[in-house]
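2 protein chains.
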Amino acid sequence: MPDNLLVAQSGGPTAVINSSICGIVTEALQRGKIRSIYGAINGILGVLTEDLVDLRKEDPDVLWNLRRTPSAALGSCRYKLGEREYTRILEVLAAHEIGYFLYAGGNDSMDTAHKVAKLAAEKRLDMRVIGVPKTVDNDLMVTDHCPGYGSVARFNAIAARDSSLDTEAIYTSDTIKIIETMGRDAGWITASTALASGNGLGPNLIYLPERPFIPDQFLADVKTINERTGRVVIAVCEGLKDESGEFVKASHKGLDTDSFGHAQLGGVGDYLVSLVSEKLKIKARFDKPGTIQRVSMQCASTVDLEEAYRVGQIAMSKAAEGESDKMVTIIRTHSNPYESETGLVDLIEVALKTRKVPDAYINKEANFVTQEFLDYASPLIGEPLPPYARLKKDRIEKVLPNFV
Amino acid sequence: MPDNLLVAQSGGPTAVINSSICGIVTEALQRGKIRSIYGAINGILGVLTEDLVDLRKEDPDVLWNLRRTPSAALGSCRYKLGEREYTRILEVLAAHEIGYFLYAGGNDSMDTAHKVAKLAAEKRLDMRVIGVPKTVDNDLMVTDHCPGYGSVARFNAIAARDSSLDTEAIYTSDTIKIIETMGRDAGWITASTALASGNGLGPNLIYLPERPFIPDQFLADVKTINERTGRVVIAVCEGLKDESGEFVKASHKGLDTDSFGHAQLGGVGDYLVSLVSEKLKIKARFDKPGTIQRVSMQCASTVDLEEAYRVGQIAMSKAAEGESDKMVTIIRTHSNPYESETGLVDLIEVALKTRKVPDAYINKEANFVTQEFLDYASPLIGEPLPPYARLKKDRIEKVLPNFV
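Going line by line, the protein sequences match chains S and B. Numbers given in our numbering equal positions in the first sequence, counted from 1, plus 8. Numbers given in our numbering equal positions in the second sequence, counted from 1, plus 8.
In short, the hints are calculated from the structure, not lab data. Please note that the accuracy of each hint is not assured.
Copies of the same chain look alike in the list, so a pair counts if it works inside one copy or between any two.
Calculated lysine-lysine pairs in the DSSO-like style (CA-CA distance at most 30 Å, straight line) [said to hold, decoys possible]:
(1) Lys257 with Lys289
(2) Lys126 with Lys326
(3) Lys289 with Lys249
(4) Lys257 with Lys287
(5) Lys364 with Lys88
(6) Lys400 with Lys41
(7) Lys326 with Lys406
(8) Lys364 with Lys291
(9) Lys291 with Lys249
(10) Lys326 with Lys41
(11) Lys287 with Lys88
(12) Lys88 with Lys231
(13) Lys400 with Lys326
Isolated chain S (complex conformation) (with noise of 0.2 Å):
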């Protein structure tokens, strides 16, 4: 049988991806059956246009720090596949001899992962197709998470606990924060700004796309927080729509979709700051930390780090065993401590579906995440956030009349 490996990476990049292919290349060098390790450039597009590197002839130090190294050493892309590329594939795929076919995505490149293994079965190629989860948006289907979701969250909590720290320091002249996250179909990592909850410090207010963005109800929450504290830090999606299934602020301009059809978003944290100032007349300013945070090993979850391996490292071993059109998943077995194992899936039950968080994770106001969110996603950032230190600011007696 053909005895070669192909490996690629999709969608957008992540910290951890490129640990998944460490594992794969890893446990690939150490199986005798594997003759060459290939790696695809840009992903599918890389098979396409049959721009394929040789893994092998790659220094092994390199190759092992890739596990250090955020975004996608290979390249990615995302491409809409139509039936000729797919023939196009099959007969790439073919004349190089590839026996197993590892890519790393999200649920559109797990549907490309499963066409090409149905049409590989059709044409009778004796060839084994293993998906990658890789998704900071945390919504593949059945895993209990995704790699790259733990270090998004984690960079996500950080980066809310420090923002909230600058308002608590600044609100006399700045007032409100607003935070806006990735996401586009599902709040998973806007939620994660939760994380950095706890002495006084993190969002006050988190809304995601999961519920219907309702400005009055935005405002009045804002405001009732204001009233009370002086300050108001808030975690958005870029993703929120309204109670009429729109994008809350999303660019209709043709250049602005991906070739999925995927309309470009963002907006939503520069929308809510004139909201603010026109109606609540507070000033408000807004971060946008965009694709930094997916791609930051400063702040990478070593849990995630660790999965993302295993699960390059357990494709590559279950494609070796003969498993075919599937995609290995992470089962929590222990909530605390925090333990994992690896699963199988069939890739027609990811494939472009996306999973939202649950109601169980919103509170009933729609503006915040419950206890059972932070329980679910606290160990998936790995050790806890670095202490800061808080004054408890003993106020010493005035002795002169108030200033007026």
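On the provided structure of chain S, position chain B as indicated by the hints.
Quick look at chain B alone, frame taken from chain S:
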């Protein structure tokens, strides 16, 4: 003579201003002649309202851990003072027998400190006033650099490197990346993104407010680089101005000015995304880390943390030795390896003045920094950035006709 100390923090929070407070308090605790150690809540506002805390009552461990806690633990402010306020401030300082007033802040705060010192002298109060330099903007005169800058520079160097690695991976769908950094009047922060350079990473173009922003030139720059490499990463300053001296994209709403009359900036990234999309028909997106950049302990520079502590210590000891109406400066005594010592400058020399990025640090095309800037800024960010793995990507031979 009055033998109480009052310390206060002002202006935008930073990763290291609490390290300066720790330096001041640690030094004060070691000097027998200081009786009470007070902190003003929210800077000069706390002085006006007599909202003072007793720092001798804080847990020594908490005080020591301020060195690793970002933002401004005593609270900060931006508040414009008039004659009435200065009179009140002197009353409060006298009523609490303040012999030492140490104020950490930027050029507005140094003006405040100077006026307090002058008024105290006029009223023949026995009081020493020392300014402790603090600003991520790095725009104070005389001092080689400002505590706070090294850390925001390290954050932006890491963020720009990560963000460019992201663009390198996903450029086939997201081609142009714009990173909007802080910086009202000077481009020091934006320039620091260049410290990400090397190994093909970091920004390709950098635009500073020291040069007028010319949209057509910008578009030509972007087009040239995109045609050569297929992707462009651009760092821009929120304070960019056009040829007529107007902010490229400032909000002119009434709420969006602070009490010093400074316009609230931001929106440049969003504007440039539109410009690129409309004029070049290329997809662009922007990252705007906002306030997160200035309070990231995760990315704090060890050099910056240490120097911030030291300027606090020195401010206290110089005040105790009888100096007044001065600001502590940092003097670079050796470049490679980097070494520094502290000096003193009259507050009037730094009050309200702004040090721009000098011509020698900006290239003649006005779209990047020079090696001289890199030599200046590199030591300030502390340890070298953690290395990332770079695959050599040895292509394998194509065996099929091209896919068209």
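List of violated hint numbers, smallest to largest
none
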